[in-house]
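Participant: Chain by chain, the residues:
There are 2 protein chains.
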Amino acid sequence: MKDVRVLRLGHRPERDQRVTTHVGLTARALGARGMYLAGRDAGIVAGIRDVVSRWGGDFFVEDGVPWKKCIREWKASGGVVVHLTMYGEPVQERVADIRENDRILVVVGAEKVPGEIYLLADYNIAVTNQPHSEVAGLAVFLDRLFEGRELAWEFPGARIRVVPSPRGKRCEEI
Amino acid sequence: MKDVRVLRLGHRPERDQRVTTHVGLTARALGARGMYLAGRDAGIVAGIRDVVSRWGGDFFVEDGVPWKKCIREWKASGGVVVHLTMYGEPVQERVADIRENDRILVVVGAEKVPGEIYLLADYNIAVTNQPHSEVAGLAVFLDRLFEGRELAWEFPGARIRVVPSPRGKRCEEI
Numbered sequence: 001m002k003d004v005r006v007l008r009l010g011h012r013p014e015r016d017q018r019v020t021t022h023v024g025l026t027a028r029a030l031g032a033r034g035m036y037l038a039g040r041d042a043g044i045v046a047g048i049r050d051v052v053s054r055w056g057g058d059f060f061v062e063d064g065v066p067w068k069k070c071i072r073e074w075k076a077s078g079g080v081v082v083h084l085t086m087y088g089e090p091v092q093e094r095v096a097d098i099r100e101n102d103r104i105l106v107v108v109g110a111e112k113v114p115g116e117i118y119l120l121a122d123y124n125i126a127v128t129n130q131p132h133s134e135v136a137g138l139a140v141f142l143d144r145l146f147e148g149r150e151l152a153w154e155f156p157g158a159r160i161r162v163v164p165s166p167r168g169k170r171c172e173e174i
Numbered sequence: 001m002k003d004v005r006v007l008r009l010g011h012r013p014e015r016d017q018r019v020t021t022h023v024g025l026t027a028r029a030l031g032a033r034g035m036y037l038a039g040r041d042a043g044i045v046a047g048i049r050d051v052v053s054r055w056g057g058d059f060f061v062e063d064g065v066p067w068k069k070c071i072r073e074w075k076a077s078g079g080v081v082v083h084l085t086m087y088g089e090p091v092q093e094r095v096a097d098i099r100e101n102d103r104i105l106v107v108v109g110a111e112k113v114p115g116e117i118y119l120l121a122d123y124n125i126a127v128t129n130q131p132h133s134e135v136a137g138l139a140v141f142l143d144r145l146f147e148g149r150e151l152a153w154e155f156p157g158a159r160i161r162v163v164p165s166p167r168g169k170r171c172e173e174i
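Chains as they are written, first to last, in our numbering: chain A, 1 to 174; chain B, 1 to 174.
If we strip away everything but chain A, and leave its shape as in the complex, we get (with noise of 0.2 angstroms):
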């Protein structure tokens, strides 16, 4: 079982609130094992703490994380860093090399990133060469990565699961 966290950058409380949000649901859904937020923001953290305990998991997420330090930090124990971004390389020619790894430290960005990320990543991918969304971008990456097994994950310890329905919305509590 790969070790995939994300890291976002550039989160700004008012502005970025709801996006941020998306970013760590669509991570937790897809796969990855937490969210590290550069920058504070406790409504985002209780939110998708909220989520957690009643949809199952052990998905994590801490604000206030010093962004250099993570992932100097992920690089040292051996991890590698892929920072999305549109300018990258194409992610269908690069996430089979990407596949390799155990831990993998997937950085998102808001609008404006240090251009140092450029640099300290180990691989800079585009899901696309297009102005789009970092939650567009991570669900596609995170898709490929575990080339759509995520989809049948199971969320252990949930209290309230939905039963797919070709029509209306059904849910069990359990």
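Hints were generated in silico from the structure; no laboratory data involved. Each hint should be verified, as a subset may be incorrect.
One copy or any two copies: either way a pair holds, since identical chains are not told apart in the list.
Once the Cα atoms are required to be at most 30 angstroms apart in a straight line, the calculated DSSO-like pairs of lysine-lysine come out as [as the list claims (entries may be wrong)]: (1) Lys75 x Lys2; (2) Lys112 x Lys169; (3) Lys75 x Lys169; (4) Lys169 x Lys68.
Once you've looked at the hints, dock chain B against the given chain A.
Facilitator: Quick look at chain B alone, frame taken from chain A:
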């Protein structure tokens, strides 16, 4: 070439501006032809059109679209309607069927959608049955619908283009 369009429901002008912009730009980058927005938001329309004028292609965006009429007309003209929802059937089990259609309207809701949509849609499809992000759901759905080919599609008429790079940011004006 399939004709895939996105219908964005439940957009609230203040709260959803950035997420709806991400939905539109993701739709464009991953091969959809355009986005219908139920609700008015001139800022989103202008922002997406600005991306199209610089980055190419002919993605359209139309706001103030009456959603029921949009769905009714789409179905009357022979298209299918796919509603992305965490309550639906697994994308990995249904996407091959959906791919047999040439005209696909992908309905993407915000937090609350009218219950009717579950009945009006031909397919209710989930990208995991976990709560996460409509942007992530749309991205994975389109990537699987187009089987990854969309990542290499070009955008004719662009004035600016990224030169993919393992380090740093390179663009060229055209």
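Participant: Next step is simple, just say for each hint if it's right about the structure.
Facilitator: Hints and how they fare:
Proximity of Lys75 to Lys2 under the C-alpha cut-off of 30 angstroms is restricted to the intra-copy arrangement: shortest distance 16 angstroms within a copy versus 43 angstroms between copies. In this assembly of identical chains, Lys112 and Lys169 lie within 30 angstroms of each other by CA distance solely across copies; the values are 12 angstroms between and 38 angstroms within a copy. Within a single copy, Lys75 and Lys169 get their C-alpha atoms only as close as 44 angstroms, which misses the 30 angstroms cut-off; across copies the closest is 23 angstroms, which meets it. For the homomeric pair Lys169 and Lys68, the shortest alpha-carbon distance between copies (20 angstroms) is at most 30 angstroms, but the shortest distance inside one copy (43 angstroms) is not.
Comparing the model with each earlier hint shows no violations; every hint is respected.
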